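**Student:** Spelled out from the first residue to the last, the chains are:
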Amino acid sequence: MKHDLSALVAGILFGFGLAYSGMTDTHKVIGFLDIFGSWDYDLAFVMGGALAVSLVSFRLMKNREFSLIECAVDMPSNRQIDTKLIAGSALFGIGWGLFGYCPGPALAALIYLDPNTLLFVVSMIAGMTAHRYLKFAS
Amino acid sequence: MIESSTIQALIGGLLIGVSASLLIMLSGRIAGISGILSGAIFNKADRLWRVLFLLGLLVGGYLCHLLTGKPIPELAITNPWLAIAGGLIVGYGVRLGSGCTSGHGVCGIARLSPRSIVATLTFIFAGMLTVAATNLIAGGLT
Numbered sequence: 006m007k008h009d010l011s012a013l014v015a016g017i018l019f020g021f022g023l024a025y026s027g028m029t030d031t032h033k034v035i036g037f038l039d040i041f042g043s044w045d046y047d048l049a050f051v052m053g054g055a056l057a058v059s060l061v062s063f064r065l066m067k068n069r070e071f072s073l074i075e076c077a078v079d080m081p082s083n084r085q086i087d088t089k090l091i092a093g094s095a096l097f098g099i100g101w102g103l104f105g106y107c108p109g110p111a112l113a114a115l116i117y118l119d120p121n122t123l124l125f126v127v128s129m130i131a132g133m134t135a136h137r138y139l140k141f142a143s
Numbered sequence: 002m003i004e005s006s007t008i009q010a011l012i013g014g015l016l017i018g019v020s021a022s023l024l025i026m027l028s029g030r031i032a033g034i035s036g037i038l039s040g041a042i043f044n045k046a047d048r049l050w051r052v053l054f055l056l057g058l059l060v061g062g063y064l065c066h067l068l069t070g071k072p073i074p075e076l077a078i079t080n081p082w083l084a085i086a087g088g089l090i091v092g093y094g095v096r097l098g099s100g101c102t103s104g105h106g107v108c109g110i111a112r113l114s115p116r117s118i119v120a121t122l123t124f125i126f127a128g129m130l131t132v133a134a135t136n137l138i139a140g141g142l143t
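From first to last, the protein sequence lines stand for chains A and B. Using this note's numbering, you'd call the opening residue of the first sequence number 6 and step up by one each time. Using this note's numbering, you'd call the opening residue of the second sequence number 2 and step up by one each time.
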């Protein structure tokens, strides 16, 4: 219960941060990715600001089995740098550059009620479903 | 003179950092949106916190515009086929690569995970190449 409530609070802060930072504005995102054109460096400060805080908290939580409210800490353990990681990240980057949304901002932007954003999110879920159920030869 | 949009990016980023910190320090979970979304859809066990986090994402975005008066942004790309193509590629890619901007870019780098550092450099570089290519071919998509 407590960990569900803290997830809700974290979600609200995250959504507020995305909208305030400019991450839900695809003009800003495409401008940030347009490094060979008229580069808009603002969004580099989003990652910088986020890391300034999270580097400290993740350091504090490193090697802890339980959180401050006694929830099991679920840290990823995979350390393998493989083709899946690179190919998946490259595909993600291509889609990000095509439309200007990564998953978080796309979800937060649903409240702007633009049908194209809904189309993007539905297609994104379809892509996730395809990954789950279609197994290509690897 | 520092632009106000740069300050907003920094403040928004700090809030995202506080959010990721709350989630790991209290719930013990990684704030990776693509993982949370996929878990909320496909993983029946332990679904509630994921649904609440995603609901919060929408509420928080709405509150931001309501409280700060920041105008609601228009989409840069209005071609629905690009929305579909972009969505499909992003959805498939983030699962294959086990994470997106939040999971790899914020939480993973905060853990100093080599996997996440490689993933983040890869998707930012791929995004930059894509925007450069569309500028070159189409003079920029709309």
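In case anyone wonders, no lab produced these hints; they're calculated from the structure. Remember, it's a predicted structure, so these values are computed and weren't measured experimentally. Each hint should be verified, as a subset may be incorrect.
[Said to hold, decoys possible] Below 27 Å or equal to it, Euclidean Cα-Cα: the simulated BS3-like pairs (lysine-lysine) are:
(1) A/Lys-89 with B/Lys-45
(2) B/Lys-71 with A/Lys-140
(3) A/Lys-67 with A/Lys-140
(4) A/Lys-89 with A/Lys-67
(5) B/Lys-45 with A/Lys-7
(6) A/Lys-89 with A/Lys-7
[To be verified] Sample of chain B residues at the chain A side, in silico, Cβ under 8 Å:
(7) Ala-21
(8) Ser-39
(9) Asn-44
(10) Tyr-93
(11) Val-119
(12) Val-132
(13) Gly-140
Just so it is clear, CB atoms sit at the ideal spot from N, CA and C, and this is done for glycine as well.
**Student:** Now tell me if each hint is right for this structure.
**Tutor:** Quick rundown of the hints versus the structure:
About 25 Å separates the Cα atoms of A/Lys-89 and B/Lys-45, which keeps this hinted pair within 27 Å; it holds. Distance restraint check for B/Lys-71 and A/Lys-140: the Cα-Cα separation of roughly 44 Å exceeds the 27 Å cut-off, and the hinted pair is therefore not satisfied. Proximity of A/Lys-67 to A/Lys-140 is assessed by CA-CA distance (about 34 Å); at most 27 Å being required, the pair is judged violated. With a CA separation close to 26 Å, the supplied pair A/Lys-89 and A/Lys-67 stays within the 27 Å bound.
Between the alpha carbons of B/Lys-45 and A/Lys-7 the distance comes to roughly 19 Å, so the proposed pair stays at or under 27 Å and holds. Straight-line distance between C-alpha atoms of A/Lys-89 and A/Lys-7 comes to about 35 Å, which puts the hinted pair past the 27 Å bound. Interface hint status for B/Ala-21: upheld, as the beta-carbon distance to the closest one in chain A is roughly 5 Å, under 8 Å. Checking B/Ser-39 against chain A by beta carbon gives a least distance of about 5 Å; that is within 8 Å, so the hint holds.
Violation of the interface hint for B/Asn-44 is found here, the shortest Cβ-Cβ separation to chain A being roughly 11 Å, above the 8 Å cut-off. Hint status for B/Tyr-93: holds, given a least beta-carbon distance of 4 Å to chain A, under 8 Å. For the restraint placing B/Val-119 at the interface with chain A, the shortest Cβ-Cβ distance is roughly 5 Å, inside the 8 Å limit, so the hint holds. At about 4 Å, the closest approach between the beta carbon of B/Val-132 and any beta carbon in chain A falls short of 8 Å, and the interface hint on this residue holds.
About 11 Å separates the beta-carbon of B/Gly-140 from the nearest beta-carbon of chain A, more than 8 Å, and the hint is not met.
Consistency note: the structure conflicts with the earlier hints numbered 2, 3, 6, 9 and 13.
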